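*Asks:* As given, the protein sequences belong to chains A and B, one line each in that order. Reading the first sequence from the start, the letters are residues 1 to 254 in the numbering used here. Reading the second sequence from the start, the letters are residues 255 to 554 in the numbering used here.
By construction, these hints were calculated from the structure, which means they are not laboratory data. From a predicted model like this one, the values you see are computed outputs, not experimental measurements. Certain hints may be false.
Unchecked claim - A few chain B residues facing chain A, derived, Cβ under 8 Å:
1. Glu433
2. Leu434
3. Glu436
4. Ala437
5. Leu439
6. Ala440
7. Leu441
8. Gly442
9. Ala443
10. Thr444
11. Glu447
12. Ile452
13. Asn456
Claimed, not checked - Where chain B lies over chain A, by a calculated footprint (3+ residues, C-beta under 8 Å):
14. 109–117
15. 163–170
Claimed, not checked - Under the rule of at most 25 Å between Cα atoms (straight-line distance), these lysine to any residue pairs were calculated in the SDA-like manner:
16. A:Lys89 <-> B:Thr444
17. A:Lys118 <-> B:Arg435
18. B:Lys451 <-> A:Ile117
19. B:Lys451 <-> A:Ile114
20. B:Lys445 <-> A:Asp175
21. B:Lys428 <-> A:Arg55
22. B:Lys451 <-> A:Val83
All C-beta atoms, glycine included, are put in the ideal place defined by N, C-alpha and C.
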Amino acid sequence: MNELKTKIRIDNFNFYYGKKHALKNISMNVPEHRVTALIGPSGCGKSTFLRSLNRMNDLIEHTRCDGTVVVDNVNIYDDAIDVVELRKKIGMIFQRSNPFPKSIYDNVAYGPRINNIKEKKQLDEIVERSLIRAALWDEVKDDLSKSGLALSGGQQQRLCIARAVAVDPEILLMDEPASALDPLATTKIEELIHELKGKYTIVIVTHNMQQAARVSDFTAFFYMGEQIEFDETKKIFTMPGKKQTEDYITGRFG
Amino acid sequence: MIQKKILSASVSSATALSAFFILAIVAVVMGNIIIEGSSTITWEFLTGKPTEGMTQGGIFPAIFGTFLLVVIMSIIGVPIGTITAIYLTEYANQRSPFARLIRFAVNTLAGIPAIVFGLFGLGFFIQFVGSSMDKALMPAGQLRWGQPNILWASLTMAILTLPVVIVSVEEALKSVPRELREASLALGATKFETIWKIVLPNSLAGMLTGGILAVSRGAGEVAPILFTGAAYFLPKLPNSLSDQFMELGYHIYIMSTQSPDVEATRGIQYATTLVLLVLTFALNFSAIFLRYRVRKNMAH
Chain A
1 MNELKTKIRI DNFNFYYGKK HALKNISMNV PEHRVTALIG PSGCGKSTFL RSLNRMNDLI
61 EHTRCDGTVV VDNVNIYDDA IDVVELRKKI GMIFQRSNPF PKSIYDNVAY GPRINNIKEK
121 KQLDEIVERS LIRAALWDEV KDDLSKSGLA LSGGQQQRLC IARAVAVDPE ILLMDEPASA
181 LDPLATTKIE ELIHELKGKY TIVIVTHNMQ QAARVSDFTA FFYMGEQIEF DETKKIFTMP
241 GKKQTEDYIT GRFG
Chain B
255 MIQKKILSAS VSSATALSAF FILAIVAVVM GNIIIEGSST ITWEFLTGKP TEGMTQGGIF
315 PAIFGTFLLV VIMSIIGVPI GTITAIYLTE YANQRSPFAR LIRFAVNTLA GIPAIVFGLF
375 GLGFFIQFVG SSMDKALMPA GQLRWGQPNI LWASLTMAIL TLPVVIVSVE EALKSVPREL
435 REASLALGAT KFETIWKIVL PNSLAGMLTG GILAVSRGAG EVAPILFTGA AYFLPKLPNS
495 LSDQFMELGY HIYIMSTQSP DVEATRGIQY ATTLVLLVLT FALNFSAIFL RYRVRKNMAH
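In isolation and in its complexed conformation, chain A is listed as follows (with noise of 0.2 Å):
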């Protein structure tokens, strides 16, 4: 674990919902170019975590948080951080597919857009290069002023990582991306994780016990909105360190 260069690392991490205390204390170094697994069962804090990455919390009210998350040595919760600027460079994807109700070049434009790119032949490239990389461009490219929202579950959830990585994010958070989705178009979608890999560092948060050891190289496991383990996935599954981990990756629990 040494020769890789951590991406994001945090440090004593809090967050809280009013009064509700729904992260306590976490503390992880999460690996560039590798894929970093948050499992736990529902309410564990594993998707505010996820969300906290990018400061989309900071959208619901009567929140707040402390420690720090560090990306690329820069404390993302600094008050001189331009979330706007932070969120380019950390791309998103939800656990319900969603498409803008536009056609699928203006979902990939989008970012390109905002971002005051406005040659066509450069939104051109940026479009189909996206498409590319999610595995999407095959399907569409005969029409792609088709409505994003035509398209079937699986595909639309490719859209929508087509749309994050055309601003070239550096880190793409997923928030359960597939567990709306059948099991052939869940494939696609990890057999996608497995390839983005190689130019983005990515975090997960999954139900899916298999699927996380399917796609990860670390995972960490939140119970109760602690971080009760964080190792490589291969240990976690063959031989976790903590009892309750344990209890959860064989079903005792969850």
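Following the hints, complete the assembly by docking chain B onto the known chain A.
*Replies:* This is chain B only, laid out in the frame that chain A set:
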């Protein structure tokens, strides 16, 4: 078992009966107006001026005045209402005293009887704003803005319809799923970019509907313009904001109460009512149609 069946049957027939009752009322009202009014409606009636002490001739000045009234009202009221709704739903802290105060004001405004708006328009726009403008702009003793005119009537009407606009735009904005806002923000869009490029286009259907409902409400109200700009009879169309105007609802009112010969105007009254109804229905239908079209465009 039998009792349950009887109960269920009687409830379903009772509900059907009351639904039928409402249909019947609409049919009687509409039928009466259409039968009595349609014979009077001719091209000359729609395009001509009232003549012979308003017992003959047409109602074009009233149609034109109504149209002008709702257009000016919309130009003023729809942007203000839309911006207020955007502030309330997107920017204001929902629990802040200021946002609560605005919401309270909007609800209060919605509950005020129309005639009170008319009196307000008379007192505020004509006697205060208008008189002050005359003192500042006109030679001493001359009256231009300190009297009823189409501008003051439209402004009064805009205030009356403001709650309709605000509430429907708010509903439209709230109907945009949180997922879409989050998707946009997660891509590094600012709040303003998200509102401008995602929230507003996706709530366009609702906003249009709100605007048109406000217009159709405005077109049907008489009380607010009673003291603020509507004229009993005008031989010519208004050609300045400081002119008075004729209006369909007001025309019906004066013909049925103020005319020297009410009986002689009966046909015109029915026909004018029919025109007003058709106008309001047309607006409502166009609201429904627009909403349908925009939704369809959004989905494909």
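*Asks:* Which hint numbers does the structure go against, in order from smallest to largest?
*Replies:* The structure conflicts with no hint, since it agrees with every one listed earlier.
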